[in-house]
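There are 2 protein chains.
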Amino acid sequence: MTVTGPQGFRAAGVAAGIKASGALDLTLVVNDGPLDAAAGVFTRNVIKAAPVLWSQEVLKQGKLKAVVLNSGGANAATGPGGFQDTHATAEKVAELLDTGAIGVAVCSTGLIGERLPMAALLSGVDSAVKALDTTPGAGLAAAEGVLTTDSKPKEAFARHGNGWSVGGFAKGAGMLAPNLATMLSVLTTDAVVDKETLDRALRAATHVTFDRLDVDGGTSTNDTVLVLASGASGVEPSEAELTELLATVSHDLVQQLRADSEGATKDVDITVRGAASEADAISVARTIAEDNLVKTAFFGSDPNWGRIAMALGRAPARLDPETLSITINGATLFAAGTTAEDRSAADLSGRAIDVVVDLGVGASAATIYTTDLSHGYVEENSAYSS
Amino acid sequence: MTVTGPQGFRAAGVAAGIKASGALDLTLVVNDGPLDAAAGVFTRNVIKAAPVLWSQEVLKQGKLKAVVLNSGGANAATGPGGFQDTHATAEKVAELLDTGAIGVAVCSTGLIGERLPMAALLSGVDSAVKALDTTPGAGLAAAEGVLTTDSKPKEAFARHGNGWSVGGFAKGAGMLAPNLATMLSVLTTDAVVDKETLDRALRAATHVTFDRLDVDGGTSTNDTVLVLASGASGVEPSEAELTELLATVSHDLVQQLRADSEGATKDVDITVRGAASEADAISVARTIAEDNLVKTAFFGSDPNWGRIAMALGRAPARLDPETLSITINGATLFAAGTTAEDRSAADLSGRAIDVVVDLGVGASAATIYTTDLSHGYVEENSAYSS
Numbered sequence: 001m002t003v004t005g006p007q008g009f010r011a012a013g014v015a016a017g018i019k020a021s022g023a024l025d026l027t028l029v030v031n032d033g034p035l036d037a038a039a040g041v042f043t044r045n046v047i048k049a050a051p052v053l054w055s056q057e058v059l060k061q062g063k064l065k066a067v068v069l070n071s072g073g074a075n076a077a078t079g080p081g082g083f084q085d086t087h088a089t090a091e092k093v094a095e096l097l098d099t100g101a102i103g104v105a106v107c108s109t110g111l112i113g114e115r116l117p118m119a120a121l122l123s124g125v126d127s128a129v130k131a132l133d134t135t136p137g138a139g140l141a142a143a144e145g146v147l148t149t150d151s152k153p154k155e156a157f158a159r160h161g162n163g164w165s166v167g168g169f170a171k172g173a174g175m176l177a178p179n180l181a182t183m184l185s186v187l188t189t190d191a192v193v194d195k196e197t198l199d200r201a202l203r204a205a206t207h208v209t210f211d212r213l214d215v216d217g218g219t220s221t222n223d224t225v226l227v228l229a230s231g232a233s234g235v236e237p238s239e240a241e242l243t244e245l246l247a248t249v250s251h252d253l254v255q256q257l258r259a260d261s262e263g264a265t266k267d268v269d270i271t272v273r274g275a276a277s278e279a280d281a282i283s284v285a286r287t288i289a290e291d292n293l294v295k296t297a298f299f300g301s302d303p304n305w306g307r308i309a310m311a312l313g314r315a316p317a318r319l320d321p322e323t324l325s326i327t328i329n330g331a332t333l334f335a336a337g338t339t340a341e342d343r344s345a346a347d348l349s350g351r352a353i354d355v356v357v358d359l360g361v362g363a364s365a366a367t368i369y370t371t372d373l374s375h376g377y378v379e380e381n382s383a384y385s386s
Numbered sequence: 001m002t003v004t005g006p007q008g009f010r011a012a013g014v015a016a017g018i019k020a021s022g023a024l025d026l027t028l029v030v031n032d033g034p035l036d037a038a039a040g041v042f043t044r045n046v047i048k049a050a051p052v053l054w055s056q057e058v059l060k061q062g063k064l065k066a067v068v069l070n071s072g073g074a075n076a077a078t079g080p081g082g083f084q085d086t087h088a089t090a091e092k093v094a095e096l097l098d099t100g101a102i103g104v105a106v107c108s109t110g111l112i113g114e115r116l117p118m119a120a121l122l123s124g125v126d127s128a129v130k131a132l133d134t135t136p137g138a139g140l141a142a143a144e145g146v147l148t149t150d151s152k153p154k155e156a157f158a159r160h161g162n163g164w165s166v167g168g169f170a171k172g173a174g175m176l177a178p179n180l181a182t183m184l185s186v187l188t189t190d191a192v193v194d195k196e197t198l199d200r201a202l203r204a205a206t207h208v209t210f211d212r213l214d215v216d217g218g219t220s221t222n223d224t225v226l227v228l229a230s231g232a233s234g235v236e237p238s239e240a241e242l243t244e245l246l247a248t249v250s251h252d253l254v255q256q257l258r259a260d261s262e263g264a265t266k267d268v269d270i271t272v273r274g275a276a277s278e279a280d281a282i283s284v285a286r287t288i289a290e291d292n293l294v295k296t297a298f299f300g301s302d303p304n305w306g307r308i309a310m311a312l313g314r315a316p317a318r319l320d321p322e323t324l325s326i327t328i329n330g331a332t333l334f335a336a337g338t339t340a341e342d343r344s345a346a347d348l349s350g351r352a353i354d355v356v357v358d359l360g361v362g363a364s365a366a367t368i369y370t371t372d373l374s375h376g377y378v379e380e381n382s383a384y385s386s
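Going line by line, the protein sequences match chains Z and S.
Sequential numbering from 1 applies to the first sequence in the UniProt record's numbering.
Sequential numbering from 1 applies to the second sequence in the UniProt record's numbering.
Keep in mind that a hint or two might mislead.
Said to hold, decoys possible - Computed spacing ranges between beta-carbons, pair by pair:
no., chain 1, residue 1, chain 2, residue 2, range
1, Z, SER344, S, MET118, 19 to 27 angstroms
2, S, MET118, Z, ASP342, 16 to 24 angstroms
3, S, GLU322, Z, GLN61, 20 to 28 angstroms
4, S, ARG318, Z, GLY350, 55 to 63 angstroms
5, Z, SER21, S, ARG115, 30 to 38 angstroms
6, S, ASP342, Z, THR135, 42 to 50 angstroms
7, S, ASP342, Z, ASP342, 37 to 45 angstroms
8, Z, LYS152, S, ARG44, 25 to 33 angstroms
9, Z, ARG115, S, GLU322, 16 to 24 angstroms
10, Z, GLY350, S, LEU53, 48 to 56 angstroms
11, Z, GLN61, S, ALA336, 42 to 50 angstroms
12, S, ALA336, Z, SER123, 27 to 35 angstroms
13, S, MET118, Z, ARG318, 30 to 38 angstroms
14, Z, SER344, S, HIS87, 26 to 34 angstroms
Calculated from the structure, these hints are not laboratory results.
Cβ coordinates follow ideal geometry from the N, Cα and C atoms, glycine included.
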């Protein structure tokens with residue numbers, strides 16, 4: 001169902017010839033209203049791609065008619081020329097949709113440092129506008145047009161009992177493989193909502209979903225999550241209801257991104273609880289999630305809690321070795337400053353690994369979603385660009 | 001030459017039976033004076049091994065008669081029992097050398113979370129005391145007694161024109177492979193020096209050597225660098241001279257540690273200059289050095305400057321995309337916000353990779369010494385403990 005699931009949206013994915021392979025590489029999502037509220041969250045990287053700089057600007061008015069996305073090139077570190085390319089893309093979409101360029105967000109993903117083939121891209125915009133449709137097939141094509149090293153499209157959809165819904169797609173580079181820049185996601189909803197509420201709901205939903213996905217610590221130059229609201233359902237949910245459904249769809253997409261990330265053989269949840277603050281919990285969980293010795297141990301199905309203890313001990317958070325415990329897949333292997341159950345009690349032979357670290361110094365908690373570090377990751381990332 | 005190079009030191013390395021393999025696993029270094037000044041720097045990890053807690057305490061008096069080190073077990077996360085084991089080891093050495101336990105530092109390296117086989121270890125202390133000698137062979141055995149996954153011992157020695165010298169050994173886990181906890185190094189000098197000067201000189205020397213080695217971002221529970229001064233040369237160098245020779249020997253050991261680190265196929269220097277502060281330069285260089293996408297690109301001999309730009313953009317430092325440049329093995333690939341020379345200008349086929357990032361916002365600089373991320377690293381670290 002993806003972005004065409006909610007009422008009031010058309011989408012398309014076409015092969016514009018940006019990718020040499022001939023695969024789909026240009027996606028267009030159009031909001032047919034009656035509303036045009038929109039919100040976005042973007043990479044915190046100082047080096048921002050041209051489309052991020054553009055989309056951040058246009059989002060300041062909290063309204064979007066359309067989003068155009070391309071794979072096959074990130075348009076990052078491309079200087080003023082790259083920014084002009086982004087602007088020309090928005091202008092072209094705006095012209096064909098009879099709107100202003102300021103109503104068109106742009107996203108790009110692919111290799112950093114290369115200019116885009118603009119003739120192919122602009123011609124692709126023509127084709128995409130002609131292919132716009134409300135069908136599930138059009139939504140699927142849109143989800144496919146943004147893929148890079150992803151092995152499959154990621155779509156999610158959820159309907160509220162009151163008759164409104166949220167849909168979306170995502171592609172799985174992002175923090176998963178930021179070189180290819182990037183993690184991109186477009187969400188749609190037919191809820192009736194003003195732009196301020198939509199912005200708050202998006203930030204709250206991504207805070208506990210997209211922000212908690214951390215495969216290799218990277219923050220790409222292009223990371224973007226956009227949400228467009230059409231109001232076509234005629235139903236106005238509460239902010240809490242909207243946040244919850246956005247989070248549900250986002251969580252679904254995040255799990256798909258993790259499962260399909262480069263070389264991953266394990267889905268690892270790192271939950272830190274008993275922390276002095278949520279920031280501490282996130283910091284400790286992230287430090288563990290990014291540690292290569294922890295990640296290689298998981299690849300080896302090895303419940304090596306000593307590596308987890310080593311990793312968390314360097315996190316900038318309130319810690320006390322005497323109060324913390326480490327539990328892996330239900331077995332508490334470290335507690336009260338020393339070894340607890342034997343490591344053989346933790347069975348890591350399956351794909352799911354659940355690590356719970358209780359810091360024992362407070363009441364805050366957070367979960368980071370990560371993977372192992374495998375030969376597949378090294379292979380894909382050492383062989384990609386050359 | 002190692003620790004027995006300077007006058008006034010005896011050393012030994014014996015097989016105590018701590019390692020099942022029968023390899024050397026217990027090292028003893030004794031300072032025969034006339035001075036007994038000593039200093040140490042230790043891991044900043046919150047989770048500190050028992051020998052680190054002990055050695056930090058005894059170093060508070062700035063004097064050491066001896067250091068005893070074992071491989072085959074880190075004695076970390078072993079609770080009060082583990083601390084008693086460390087204390088008993090120091091007592092045993094002190095008794096045989098007719099001194100106090102407070103004059104004996106202890107270092108351990110190996111798997112975290114396992115108690116040491118104390119009968120074997122204490123019997124090994126007996127053998128080591130009997131084997132103490134001033135010969136290069138004794139120094140080499142001492143360097144071998146601390147090895148874990150290292151493929152060879154690391155020794156270094158430098159003599160000053162004025163007739164005094166610095167020697168030392170190191171072993172290459174540490175930040176290179178902190179699971180095995182740890183990076184350990186013992187330095188000796190026959191310079192005449194008081195404990196305060198020795199402490200300052202050691203901190204200044206390690207700040208630009210051991211502190212700049214970063215293979216996988218780990219900070220082990222056991223990292224320790226100790227220096228012992230015998231005064232046996234009768235020569236009192238200036239603090240600057242002492243710092244310089246300690247840094248020379250430490251730099252030599254760091255290069256050996258990097259070259260022998262797990263799975264490394266590239267020696268990578270990341271130099272950041274034009275930074276607003278040394279802390280900024282270190283932070284940016286370290287963020288690049290720890291980025292898995294950068295490291296896998298190096299493994300693939302790929303001058304992928306886009307990944308370097310992505311990595312540095314998330315460093316907590318003063319950055320301006322318009323003023324920074326990225327140069328790899330002499331070719332400037334990114335400058336003034338966009339692509340510069342073609343990436344083919346950077347030849348990464350050899351083992352040495354030299355990355356220079358000029359931030360263009362200040363006058364500070366720093367270099368971090370790192371490696372690539374290879375299949376060998378994943379293999380060794382996914383297969384080690386189980």
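Results for each hint:
no.: 1; hint: Z:SER344 / S:MET118: 19 to 27 angstroms; in the structure: 24 angstroms, holds
no.: 2; hint: S:MET118 / Z:ASP342: 16 to 24 angstroms; in the structure: 21 angstroms, holds
no.: 3; hint: S:GLU322 / Z:GLN61: 20 to 28 angstroms; in the structure: 27 angstroms, holds
no.: 4; hint: S:ARG318 / Z:GLY350: 55 to 63 angstroms; in the structure: 46 angstroms, violated
no.: 5; hint: Z:SER21 / S:ARG115: 30 to 38 angstroms; in the structure: 57 angstroms, violated
no.: 6; hint: S:ASP342 / Z:THR135: 42 to 50 angstroms; in the structure: 44 angstroms, holds
no.: 7; hint: S:ASP342 / Z:ASP342: 37 to 45 angstroms; in the structure: 56 angstroms, violated
no.: 8; hint: Z:LYS152 / S:ARG44: 25 to 33 angstroms; in the structure: 43 angstroms, violated
no.: 9; hint: Z:ARG115 / S:GLU322: 16 to 24 angstroms; in the structure: 18 angstroms, holds
no.: 10; hint: Z:GLY350 / S:LEU53: 48 to 56 angstroms; in the structure: 38 angstroms, violated
no.: 11; hint: Z:GLN61 / S:ALA336: 42 to 50 angstroms; in the structure: 31 angstroms, violated
no.: 12; hint: S:ALA336 / Z:SER123: 27 to 35 angstroms; in the structure: 31 angstroms, holds
no.: 13; hint: S:MET118 / Z:ARG318: 30 to 38 angstroms; in the structure: 34 angstroms, holds
no.: 14; hint: Z:SER344 / S:HIS87: 26 to 34 angstroms; in the structure: 30 angstroms, holds
Of the hints listed earlier, those the structure fails to meet are numbers 4, 5, 7, 8, 10, 11, in rising order.
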